[in-house]
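As given, the protein sequences belong to chains D and A, one line each in that order.
Here the numbering used here is used: position 69 in the first sequence is 63, and no number is missing along the way.
Here the numbering used here is used: position 9 in the second sequence is 3, and no number is missing along the way.
Note that these hints are calculated values from the structure, not bench results.
The reader is advised that the hints may include incorrect statements.
Pairs involving identical chains hold if they fit within one copy or between any two copies, as the list cannot separate such chains.
Straight-line Cα separation of at most 20 Å, SDA-like style, residue types lysine to any residue; simulated pairs [as the list claims (entries may be wrong)]: (1) K20 x N246; (2) K361 x A169; (3) K20 x K282; (4) K30 x T182; (5) K30 x D328; (6) K259 x D69; (7) K20 x K276; (8) K30 x P59; (9) K361 x D16; (10) K282 x Y262; (11) K156 x P377; (12) K156 x P181; (13) K30 x I351; (14) K259 x S155; (15) K230 x E391; (16) K20 x H321; (17) K315 x E366; (18) K315 x N25; (19) K259 x Q231; (20) K322 x L18; (21) K261 x S155; (22) K79 x H99; (23) K282 x Y264; (24) K259 x E160; (25) K276 x S265; (26) K38 x I104; (27) K316 x N163.
Predicted model, so just to flag it, every value in this text is computed and none were measured.
Protein chains: 2
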Amino acid sequence: MNDKQIYIGLFGFGTVGKGLYDVLQKIKPDNVHIVKVCVRNVAKHRHQAPELEFTTSADEIFNEPHINFIVELIDDAQAAYDIVKRALTAGLPVVSGNKKMLAAHLPEMIELQQQHDTALLYDASACGSIPVIRNLEEYYDNDLLISVKGILNGSSNFILSKIFNEGMNYSDALALAQKLGFAESDPTLDIGGWDSVFKLIIITVHAFGVYVESDKIFTFGIGNMNEHDIRFAQEKQRRIKLVGWAEKVDDNRLILSVMPHLLSKQKYIYSVEDEFNGVVIKGLFYYKQFMFGQGAGGFPTGSAVLSDITAQLYDYRYEYKKLHSAHKPEFSNDHQLRIYYRYDTPHNLNLLNFKNISESYYSEDYKYVVGEVSLQELHDKAPQLRSADVFLSLYPED
Amino acid sequence: MNDKQIYIGLFGFGTVGKGLYDVLQKIKPDNVHIVKVCVRNVAKHRHQAPELEFTTSADEIFNEPHINFIVELIDDAQAAYDIVKRALTAGLPVVSGNKKMLAAHLPEMIELQQQHDTALLYDASACGSIPVIRNLEEYYDNDLLISVKGILNGSSNFILSKIFNEGMNYSDALALAQKLGFAESDPTLDIGGWDSVFKLIIITVHAFGVYVESDKIFTFGIGNMNEHDIRFAQEKQRRIKLVGWAEKVDDNRLILSVMPHLLSKQKYIYSVEDEFNGVVIKGLFYYKQFMFGQGAGGFPTGSAVLSDITAQLYDYRYEYKKLHSAHKPEFSNDHQLRIYYRYDTPHNLNLLNFKNISESYYSEDYKYVVGEVSLQELHDKAPQLRSADVFLSLYPED
């Protein structure tokens, strides 16, 4: 142990920022201190932590010579970008929790870290309390990684759990998730799969050394799911889960997607319930690893942020080794997937070119096919698919 | 990435040593090389790796100036101790897979690392491919850890899985485990819980900063289990698992044990089957984390050993921070446990002082009680319990 002291300038005091504060209050480390907190509305937060100094001015944080560490835990991706960039440029180490910002700007952020010889850590951003990124960086760096598959969003998973385990309907489940604080008041990010795709992008950089922009990745959430789809899953003894998926389908091609999967009981992530996250890492040598834990909430995420902070005590940095690897795969949407597809009109059926249709059902109020489509086509038609009255889910054979 | 080169002197070429070699053959890293292998019987191994240089002389390894790294993967704990000590004393970094040796000599090994300013890594020793130690060291170092509970031995778990899921009897299951290479020809270490207790000791140093010698820890395996016990578990809709368990029962007391647990379906480790390992880490802030993966086998463990080796490329060391913590708990056996206890004679029933007996059954050929006993008493009576025709298992209320 060294005697380094971390003096934090904190941006944001929402669930996670407050969580970090609560965790620090509880364990009282002698080398980690919050010096000042920048928030939009001081009056809203002052009573939550009377002894902390709040400000609305970012300058006040950056001009405080005492502060040697920036922690950014705000919602606004553009503001987060400005803060993190300013901090790195000033040579200050940063912890960021904004996955949207990170997913959009990782290449630049990696460059800034190198240019200014400082660290940006964000393990807490990807799966809350599960240290996925650090394990991919450090521990799974020798195996030939095949795939990473995970339930990356606690809110949507909470809703699916209530539907599949407690027979709740979709809107009641969503309302409950919001009431319990698992879902944002605007749940589009969670339900639509966007939050998952941001995390998938971050994970993929560390798992495979490949950075892919979100608009290239097929992303389809659970917002279109209806009672028929739920019954279909139950009849097949499966559950629908929203899954972020990165897989090397051969030596050169890496596919990525966020979409519902119809999972059978044999799958590890079948049993990930409620607001939990779970990630299955598959490698050539160790078969499968499964990591599971709380993906949201103030305490778990605050504690994960603190782990990112104290990593600085021993100068930990992500090395991004795989980004520079000679044999990394290329991102591709060139892959056939077997899906369940519920549609309403012939026009919407014809949105996709199915091959090998193995199941087909038609009635007045419920129509579906099970067959193969290309991921490229799914990606290209995603906007139409999202806005039509259709639902689709990966439907693996086993 | 730096251009450091690792030139390995390898001791042992059994399942794990050969696994390491196979993994290296497959991924061909340009900075990790096996220079020479020391084995007891060269003729036995030469054909497995014709291009490797084998020797029976440890001196040949230690006198080879080219070698800058020692990997010790042998069965014999005393020989492993001599090798690792010699290497550390010579300032060479070491990876060791011998949990028995580590469990017995960790304090000395920690001192040697400091004295000679070099690293000893052993993540692969504790749970094969699951990076438990490194996560406890680095990531879970801020949370207030409450407990670590895990299935730490693949062989005994394989046997229990065959019994509980496939209705196999004990001796057939053991024979199959041996045939598949999951159990040693002398299975006492696995079945008796000794392998688990060695791993638990190592994990406890990194989880709680407390080192406890194996003879202080109550260790009771599955060797005495019979058909009655299996039926009891099934009637209660539980499974018997052999569990290594470390828990802070209050701020100052840490209890440790390896014993069978009657687990209900709600428990994460209930579902850890076959040769897999699974560890549940419980902290004050993040509730529970579950890590799961292959705990044995050449490829998974060889790959884990390689992760320990390449950690040296960035000078990674365990910091043993918690060992120096001011508020670490003290090991204690002062705790009441609720157990299921099958016995044969009144004498053997009276071996233990039960309190709060909540269930009791008596017939000619099957007698048991469910009640509370102290861990201290279990520990003190362990030799008698092991050699009598009795079986016991933790039987938690939920």
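Do the hints match the structure? See the list:
1. K20 x N246: between (48 Å within a copy, 17 Å between copies)
2. K361 x A169: Neither, since 28 Å and 52 Å both go past 20 Å.
3. K20 x K282: For K20 and K282, only the inter-copy Cα distance (18 Å) is at most 20 Å; the intra-copy one is 36 Å.
4. K30 x T182: The answer is neither: 32 Å in one copy and 58 Å across copies each exceed 20 Å.
5. K30 x D328: neither (49 Å within a copy, 45 Å between copies)
6. K259 x D69: Classified as neither: same-chain Cα gap 36 Å, cross-chain 38 Å, threshold 20 Å.
7. K20 x K276: between (37 Å within a copy, 16 Å between copies)
8. K30 x P59: For K30 and P59, only the intra-copy Cα distance (12 Å) is at most 20 Å; the inter-copy one is 54 Å.
9. K361 x D16: neither (51 Å within a copy, 51 Å between copies)
10. K282 x Y262: Both. Shortest intra-copy (10 Å) and inter-copy (17 Å) distances satisfy the 20 Å Cα cut-off.
11. K156 x P377: Classified as neither: same-chain Cα gap 28 Å, cross-chain 49 Å, threshold 20 Å.
12. K156 x P181: within (16 Å within a copy, 45 Å between copies)
13. K30 x I351: Intra 60 Å, inter 57 Å, cutoff 20 Å: neither.
14. K259 x S155: both (14 Å within a copy, 17 Å between copies)
15. K230 x E391: within (11 Å within a copy, 34 Å between copies)
16. K20 x H321: Between copies only: 14 Å across, 46 Å inside.
17. K315 x E366: Cα proximity of K315 and E366: none, with 36 Å in one copy and 53 Å across.
18. K315 x N25: between (30 Å within a copy, 14 Å between copies)
19. K259 x Q231: Answer is both: 8 Å inside a copy and 19 Å across each meet the 20 Å cutoff.
20. K322 x L18: between (40 Å within a copy, 18 Å between copies)
21. K261 x S155: both (16 Å within a copy, 18 Å between copies)
22. K79 x H99: within (10 Å within a copy, 48 Å between copies)
23. K282 x Y264: both (15 Å within a copy, 18 Å between copies)
24. K259 x E160: both (17 Å within a copy, 18 Å between copies)
25. K276 x S265: Both. Shortest intra-copy (17 Å) and inter-copy (19 Å) distances satisfy the 20 Å Cα cut-off.
26. K38 x I104: Answer is neither; intra-copy 35 Å and inter-copy 50 Å both fail.
27. K316 x N163: Neither: 43 Å inside a chain and 48 Å across chains, both beyond 20 Å.
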